[in-house]
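Protein chains: 4
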Amino acid sequence: MPGSTFGTLFRVTNFGESHGPAIGCVIDGCPPGLALSEADIQGDLDRRRPGTSRHVTQRNEPDAVEILSGVYEGLTTGTPIALLIRNTDQRSKDYGNILDTFRPGHADYTYWRKYGLRDPRGGGRSSARLTAPMVAAGAVAKKWLRERHGTTFIGWMSQLGEIAIPNEDESQIPLNPFFAPSASVIPELEAYMDALRHAGDSCGARIEVQARGVPDGLGAPLFDKLDADIAYAMMGINAVKGVEIGAGFGCVTQRGSEHGDELTPGGFRSNHSGGVLGGISTGQDLRVSIAIKPTSSIRTPRASVTRAGEATTVQTLGRHDPCVGIRATPIAEAMLALVLVDHVLLDRAQCADVELPWPPLPPLSA
Amino acid sequence: MPGSTFGTLFRVTNFGESHGPAIGCVIDGCPPGLALSEADIQGDLDRRRPGTSRHVTQRNEPDAVEILSGVYEGLTTGTPIALLIRNTDQRSKDYGNILDTFRPGHADYTYWRKYGLRDPRGGGRSSARLTAPMVAAGAVAKKWLRERHGTTFIGWMSQLGEIAIPNEDESQIPLNPFFAPSASVIPELEAYMDALRHAGDSCGARIEVQARGVPDGLGAPLFDKLDADIAYAMMGINAVKGVEIGAGFGCVTQRGSEHGDELTPGGFRSNHSGGVLGGISTGQDLRVSIAIKPTSSIRTPRASVTRAGEATTVQTLGRHDPCVGIRATPIAEAMLALVLVDHVLLDRAQCADVELPWPPLPPLSA
Amino acid sequence: MPGSTFGTLFRVTNFGESHGPAIGCVIDGCPPGLALSEADIQGDLDRRRPGTSRHVTQRNEPDAVEILSGVYEGLTTGTPIALLIRNTDQRSKDYGNILDTFRPGHADYTYWRKYGLRDPRGGGRSSARLTAPMVAAGAVAKKWLRERHGTTFIGWMSQLGEIAIPNEDESQIPLNPFFAPSASVIPELEAYMDALRHAGDSCGARIEVQARGVPDGLGAPLFDKLDADIAYAMMGINAVKGVEIGAGFGCVTQRGSEHGDELTPGGFRSNHSGGVLGGISTGQDLRVSIAIKPTSSIRTPRASVTRAGEATTVQTLGRHDPCVGIRATPIAEAMLALVLVDHVLLDRAQCADVELPWPPLPPLSA
Amino acid sequence: MPGSTFGTLFRVTNFGESHGPAIGCVIDGCPPGLALSEADIQGDLDRRRPGTSRHVTQRNEPDAVEILSGVYEGLTTGTPIALLIRNTDQRSKDYGNILDTFRPGHADYTYWRKYGLRDPRGGGRSSARLTAPMVAAGAVAKKWLRERHGTTFIGWMSQLGEIAIPNEDESQIPLNPFFAPSASVIPELEAYMDALRHAGDSCGARIEVQARGVPDGLGAPLFDKLDADIAYAMMGINAVKGVEIGAGFGCVTQRGSEHGDELTPGGFRSNHSGGVLGGISTGQDLRVSIAIKPTSSIRTPRASVTRAGEATTVQTLGRHDPCVGIRATPIAEAMLALVLVDHVLLDRAQCADVELPWPPLPPLSA
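Residue numbers (my numbering), protein chains in the order written: chain A, 1 to 366; chain B, 1001 to 1366; chain C, 2001 to 2366; chain D, 3001 to 3366.
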């Protein structure tokens, strides 16, 4: 597929470039009758938007969303919901030198090899700015899942460069610019970022994201497994290089007698599976962890080649996030919500008539 | 989607259950004119098939493949290639007790919750036996990629439980039952597996898989990224809980000045990207690493519930792999080949007319 | 798409060639819990199979279907249902001369132009024999729709060459080889066919097909309209050159005041719409009419070219239907059922929560 | 699928409602390097737009298109092309009474049955106004096909109500408001329409559309046949009730010896096939004919029911086309172009390596 549509039954088609006139998306397949206004979407956009602390890019975009279709008298009609976000603070001249060379670690080179030309302004189509429409679409998915199924989403940063961040207090997450579930670690994170910025360098991060209150029975055997679709969604976020579900790479050194989550009438005894067995949800929390690479656009000079094929050195000025992981939490939540809403719709297409003798096991036994 | 079709333009539709009459697949979209016979496919099936060493399940399946369509006078015709593998060594009585309870860590529970019923014989549809048709389809993809583009695939085990396996000598891989690229580590692996089997337990593994000689420019922005599709394919393999591309989770502690692979006219200076930037191939080796959880079917008794919802204990007899990772290498290769062939076809659909002034950079500079 | 899969949520992937070892299909997405055996499928296959009267091809194929997967203890499991039909009465030598030339009106030429090679035996992939697996899949769809929604399907021949066939008595349809809803017209049809066969020529036909007891609200705005999907399904049947819904081409000379079906609390007053308005089902009968062209394989000599590009004359021997329309009725029913089951599943994915104050209007007012 | 996306590799996702703030579409998969500006698109939009003669709706919409993405320095970049058309002349009060009742022959009833609610303003999503974005997308497809393959598109009205319109002079088509290929018939058409409008009624029409200079080998066996995809595209246009390819329903009374187009080294001797055999293009002109039903929104009072289920009478005021067929020609051309561009891309995905000994036969022999 050409690559700009996500999902099967709750389909999001994304468009735009970092410095074009607008970015946005079309959501097709949203169930009718959901109360929806711009305000329902703006909250998550604000969590992701740039310019909100000194640790992220200073580009100032209000990211105000306009609903162009699919809502009538405050309710979704079941027809496509088009969302438009105008770009307002482009400074394309900052990127002039990128046109003729390729930033190491950046998509500059591969876009050019694929298409023979590219929009270099602000990274064009490869910019993380294109996650904004996904956050907007995810907000719609989240609202429907919450109202219909009681499903909620939560994400946080669990590591910044070398600094592990403990999950001490989830209520702290919205209170700091790092989405860190700990108040005590903030001074260390701020000092770390300040040093990095002064060094003209960038760092990686690890993000956790979870869905809670997940219906069981979601996913399909073989392909379209719930965990495979989650891996696809997460690896598709800009700069992600690794994805884990549940125990993740830790399962390599586990024994079967340890890894397999025991079942009791009162619930599961553990959640090493991360909420998915055989590609299908167990009803436990979905537990996902992702690795985000350091930003490619740095002030440190690096070796590269020109479009003419000659050796050169590239040094990126302009406004950039020294750690793209800092704004990644709401993006990961949105993508997880988009995977889940699609599977809920798929499941009721095929299995709406299934009747079972007892309700799902509780996520964890008391 | 219902979940049994993989790929967009080179589409593989899989069918069958572990103990049904047959398993197989239909490949739709293979280019015409490829020389193809059962012998081209049987080799990879033999690498994956059970019963070939004491470290894997003793089920004895020849996994002989029959081509039912799509080949005329030794050449593919461009129409669907149906591949059929008859099951021959089912012992369904071994699994009798599984019908009424659920193995911890296994899909028994989730299939039942989704469908309201399930085929319990040998795991039914959730059995890793269903990877055999994918290995067969992958063999067709590999052949076409090798002949048309010179692309080759290689995989190996890099860790078995706690034992790391160094990549000392790739020529050793086909010479031992572990797909280990080292002769010296084999005695240790064998002792480890023997102890595990005697303990009635199972362990996890880590597998590396690479594609070499990859065309550049494959993949799409935003979704259908090459790395996202790889993550989807890998996480969809039975028992996989984590996927890394290139530096993977190691990127969290890297700096941007270290992670971004520098370009020179003589080639890239490193391959932390794993061959993908912005979702599009660089022409470097694709480097993928996956975590495989320990087998759920073990002799050690575990707590579970019955279909009636009552507490019970489950202990799995029958014939099982104590480490499903041992036979996973050819599966991972096949899935990587299936991702790649699809992207080659997608790319030439959209970008066949693109002309560039110089050929791809070499994978690594001299 | 490569072209061998039909449907989105109830997906049928077809494989095989006329004279290969086997033909068949894989049904993915069938809801679980449907009682299903070969006997449920064989009936429709027998209605379509060749050799049952002197007016159709004398090839003798039992078309016995084998279920390879997806059914456990007599119930569908929700996993893929693979259906296999072995070919048994191939006489490929009859078609020897077709290899080097192209029958006018046949796919010989276009397959060769597309693929550069083709399987000429019995028409290979382009043979109407490949409709058998669709009839088999359609039988599964019909059973589910009948049991779940009370929907039934009926088709008949309404014109054979110049002879219009009135719908006098639907109970006659299964009692004659033409699927004609009239006993009195049979002698005329038989004489017509006998003369045609002696002349070494072929003729066209018109087939009507209807679904009755159709849920309302099926279909989607803009694309995936129910009538558009029906047109796609029907035009995809071998030899079909025209499709009408409801009034069809007759609407060109209607007035709006005549065409629009009035609504009353007791039901609709007419059904010019054919059961679809704005692409969505009204709950009235779906009324479809298709034109089937005369068979291309005839004994009459015709001008053509050879593969070398030289002028030649082609005359087709072998065993052929002098009117492919005669066996088309069960095929059209099956395709209509496949369209409908897919839309029922799609509809409950998106609109399962919709509540309305009154039930669907009756199909026609008393 | 939810129903707002058309195409596989050249994908168009449509959004908007008749009286919402905007309508538009996102084109994903357009090859890179095509010169494109708003002016390339506006021409076809102007051919379709309302208010240009007294025979069509008097709604005054400039239908000015804005390109939001996917074009950089005048060339397509291969990334999504978003097209936006603001609605400017909504008069929603004209439609007030439609909210509580259902126009016979209109989608009012079925939308409500499907979604439980609907946007009644100007027909909402079911309005033919939503064809404007398809015309815009079709203009992009046409331009690429013309520049790359020399393919051109032409359509005309061949019948208005009872008046057959002969194809006497194609150069007349752009010179009259009916797209009629005849100057002499215009006075009769004008008188016919004036009488109809005064009577408060509407009529149907028949439209022909052709593609010329079509590559051969396009289409796929079984499904995704070129003619099946054309039937899908055409039946999906608002108000279409019938589709014919080539001889269409005329084939029912043809003999095989007449219908099958003979081949000679100098070209085909006829084109009854309409340019498609076995679902694959022959290289001859694609010949398509469609039936368009009379407009449902008429001043003549008709019986209907209210949302409360009670009998009522409905009479539609507001501004409407008395024959929607009059503006249908550019829409049919656009849809045919969208089908064709998708198949060109699909074909080169699978069959780019096919080599044949001689070029396509000429469309018709001299």
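These are computed hints drawn from the structure, not numbers from a lab.
Each residue gets a CB set at the ideal place from its N, CA and C atoms; glycine is no exception.
Careful: at least some of the hints might be erroneous.
[To be verified] Footprint (simulated), chain D over chain A, 3 or more residues, beta carbon under 8 Å:
(1) 58-72
(2) 130-141
[Said to hold, decoys possible] Only some residues are given here: those of chain D computed to face chain A with a beta carbon under 8 Å:
(3) Gly3020
(4) Leu3068
(5) Asp3119
(6) Arg3319
Exercise. What hints, given by number in increasing order, does this structure fail?
Worked result: The structure conflicts with hints 2 and 6, although it agrees with all the remaining ones.
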